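Protein sequence lines, in the order shown, are assigned to chains A and B. In this text, residue positions in the first sequence follow the numbering used here: the first is 509, and each later residue adds one. In this text, residue positions in the second sequence follow the numbering used here: the first is 106, and each later residue adds one.
Take these hints with a grain of salt, some might be off.
Derived, one-sided and incomplete: chain A residues facing chain B with beta-carbon distance under 7 Å [as the list claims (entries may be wrong)]:
1. Gly662
2. Pro666
3. Ile695
In silico DSBU-like pairs for lysine-lysine, Cα to Cα no more than 30 Å straight-line [to be verified]:
4. Lys129/B x Lys689/A
5. Lys689/A x Lys591/A
6. Lys931/A x Lys180/B
7. Lys689/A x Lys192/B
8. Lys689/A x Lys121/B
9. Lys203/B x Lys107/B
10. Lys121/B x Lys203/B
11. Lys203/B x Lys180/B
12. Lys180/B x Lys208/B
13. Lys180/B x Lys129/B
14. Lys121/B x Lys192/B
15. Lys107/B x Lys208/B
16. Lys591/A x Lys192/B
17. Lys591/A x Lys129/B
18. Lys858/A x Lys931/A
19. Lys121/B x Lys208/B
20. Lys129/B x Lys203/B
21. Lys121/B x Lys107/B
Worth flagging that the hints you see were computed from the coordinates, not collected in a lab. Note that the structure is a prediction, hence the values are computed from the model and not measured. In this text, a Cβ means the ideal position worked out from N, Cα and C, and glycines have one as well.
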Amino acid sequence: MAAKSTHCADGSDVREDNAREAVACAFRQESGAILATLIRVVGDFDLADEAMQDAFASALRHWPAEGVPDNVRAWITTVAKRKAIDRVRRHQVRRRREIVGQSLREAERVESAMNDELIDNAVGDDPLRLIFTCCHPSLAFEAQVALTLRTLCGLTTPEIARAFVLQESTLAQRITRAKRKIREAGIPYRIPPDRLLPERVEAVLMVIYLVFNEGYAASIGDAMIRRELCAEAIRLGRVLVEFMPDEPEAMGLLALMLLQDSRRDARVGEDEALILLEDQNRSLWDREQISEAFELLQTAQRRRRFGQYQVQAAIAAEHARAIRAEDTDWHRIVQHYDVLVSLMPNPVVKLNRAVAVAMACGPEEGLALVESLASSGELVSYHYLHATKADLLRRLDRRAEAREAYRRAISCCENEAERTFLKYRLDLT
Amino acid sequence: MKYMLLIFDDESMYPKMTAEENAKLMEEYGVFTQELMQSGVMMHAERLAPTHTATTVRVRAGDTITTDGPFAETKEQFGGYYMIDVKDLDEAIAWAAKIPSAKGGSVEVRPIWTDEQVCN
Chain A
509 MAAKSTHCAD GSDVREDNAR EAVACAFRQE SGAILATLIR VVGDFDLADE AMQDAFASAL
569 RHWPAEGVPD NVRAWITTVA KRKAIDRVRR HQVRRRREIV GQSLREAERV ESAMNDELID
629 NAVGDDPLRL IFTCCHPSLA FEAQVALTLR TLCGLTTPEI ARAFVLQEST LAQRITRAKR
689 KIREAGIPYR IPPDRLLPER VEAVLMVIYL VFNEGYAASI GDAMIRRELC AEAIRLGRVL
749 VEFMPDEPEA MGLLALMLLQ DSRRDARVGE DEALILLEDQ NRSLWDREQI SEAFELLQTA
809 QRRRRFGQYQ VQAAIAAEHA RAIRAEDTDW HRIVQHYDVL VSLMPNPVVK LNRAVAVAMA
869 CGPEEGLALV ESLASSGELV SYHYLHATKA DLLRRLDRRA EAREAYRRAI SCCENEAERT
929 FLKYRLDLT
Chain B
106 MKYMLLIFDD ESMYPKMTAE ENAKLMEEYG VFTQELMQSG VMMHAERLAP THTATTVRVR
166 AGDTITTDGP FAETKEQFGG YYMIDVKDLD EAIAWAAKIP SAKGGSVEVR PIWTDEQVCN
């Protein structure tokens with residue numbers, strides 16, 4: 509990751525009188541990497557976090573007068589190291605009467621680690637170490653997600669709570685427990701050895717994609733934070749690809765997220781209503797992001813180790829390739845879905861395949877697949893199943909049945925934007 | 106760090122096993138225990154007698170109450186343990202996965218209490 513010392517995400521110069529903004533900007537961009545290094549050095553999540561918060565507070569005091577340092581990351585890391593030593597010493601004084609030897613050893617260990625020149629600026633593999641530790645399979649999945657966002661993305665606990673519509677106290681407790689388990693159960697702070705990698709990478713990819721989807725699906729919650737989640741997931745995807753260039757599924761996931769995110773400005777109308785892929789103004793799609801995704805996907809596919817993210821990205825790429833909706837190569841998409849169903853034979857994937865089949869071969873064939881899925885009973889309360897069925901019935905001019913299916917879909921749907929859309933469709937039918 | 110690997114499996118399957126099956130399982134356990142000892146991480150290990158031999162003891166209002174049977178009736182029973190001293194949880198998990206009973210039953214990995222632990 510390139511250190512962006514005095515430039516914010518939009519590239520505008522941050523002048524000295526904007527020191528506050530520079531601190532906020534540094535926190536957003538650098539806190540994950542800085543924390544990752546501090547955890548390695550001090551060997552404790554909480555101590556590292558507290559020391560980093562101290563250092564950012566110190567930046568707020570010093571930068572307005574002294575100016576923003578050239579290397580923000582090095583400045584914060586160095587100050588945080590000093591703050592950590594202070595904290596250990598204070599703690600040591602308090603505990604001296606109790607466990608003298610132990611705390612002394614701890615302080616010595618921290619100090620000697622901190623004198624290590626190597627840690628001064630280099631972040632190296634630290635963010636990767638942190639993400640693998642946060643996504644360790646012995647932590648509950650929800651805890652993995654929360655801890656990843658809190659540590660690597662620099663999101664605050666209230667922000668994460670808002671994004672996931674959870675009580676702040678519930679989330680805070682989840683994070684505290686996870687950190688405690690890491691410490692007390694002896695979860696290592698490292699990149700797993702090769703024999704563990706496949707399973708561990710899968711867990712990391714799952715967490716990142718969930719973060720992205722929480723932002724993208726926008727079912728409930730604050731729109732701003734949701735945008736942030738997508739951006740953070742993409743950023744984490746980039747970290748993973750940068751540090752694991754041999755992992756095609758990491759590239760596949762990044763490509764998939766970039767492709768989905770490239771449609772962000774086209775998929776929601778002015779009234780916040782969702783716009784279907786076929787009706788979107790394709791000139792609003794982010795072409796730069798799309799070509800980056802194409803390149804990633806090609807590189808990934810050359811490794812000849814296919815997985816679900818590469819296949820999903822390939823499907824998204826087919827849509828991105830089509831200049832107009834009617835140019836979409838639905839037969840190719842069906843082929844990709846065949847592969848995807850073999851990799852992940854779950855009913856939701858099968859339903860998506862049915863939609864592609866309807867587009868490639870006509871609504872009758874699609875409807876037959878949807879109905880056989882519906883009769884299996886697994887997706888009975890999944891609004892997308894009923895909405896798909898309604899849509900196919902409408903295209904077959906079976907209006908009464910279509911209206912019934914739309915009503916069913918609306919009753920199952922919890923997303924306001926999607927409900928509005930379904931009601932609109934019902935009125936037209 | 107020190108960990109206990111607690112072995113849970115369905116003890117009712119043991120009487121149903123043939124002599125050959127039983128010998129094979131014991132052989133597997135022998136190989137595993139040997140490997141643990143050679144790698145220097147083994148502290149100790151025991152197998153427990155079946156739960157029909159268990160007695161549960163509680164002291165309530167100064168009275169000792171004993172009941173027949175294990176603390177909890179479960180589908181899988183606590184049947185034995187290995188205590189090991191390894192670097193971290195990943196190593197403990199790797200050893201746990203090699204325990205023959207992990208295939209049909211399950212193994213719980215628990216760090217041993219240290220003074221660092223906070224009680225709450």
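Cross-check of the supplied hints:
| no. | hint | verdict |
| --- | --- | --- |
| 1 | Gly662 | violated (27 Å) |
| 2 | Pro666 | violated (24 Å) |
| 3 | Ile695 | holds (5 Å) |
| 4 | Lys129/B x Lys689/A | violated (37 Å) |
| 5 | Lys689/A x Lys591/A | holds (25 Å) |
| 6 | Lys931/A x Lys180/B | violated (50 Å) |
| 7 | Lys689/A x Lys192/B | holds (16 Å) |
| 8 | Lys689/A x Lys121/B | violated (39 Å) |
| 9 | Lys203/B x Lys107/B | holds (17 Å) |
| 10 | Lys121/B x Lys203/B | holds (23 Å) |
| 11 | Lys203/B x Lys180/B | holds (22 Å) |
| 12 | Lys180/B x Lys208/B | holds (15 Å) |
| 13 | Lys180/B x Lys129/B | holds (23 Å) |
| 14 | Lys121/B x Lys192/B | violated (38 Å) |
| 15 | Lys107/B x Lys208/B | holds (23 Å) |
| 16 | Lys591/A x Lys192/B | holds (29 Å) |
| 17 | Lys591/A x Lys129/B | violated (58 Å) |
| 18 | Lys858/A x Lys931/A | holds (25 Å) |
| 19 | Lys121/B x Lys208/B | holds (17 Å) |
| 20 | Lys129/B x Lys203/B | holds (15 Å) |
| 21 | Lys121/B x Lys107/B | violated (35 Å) |
This entry does not satisfy hints 1, 2, 4, 6, 8, 14, 17 and 21, going by the numbered hints stated previously.
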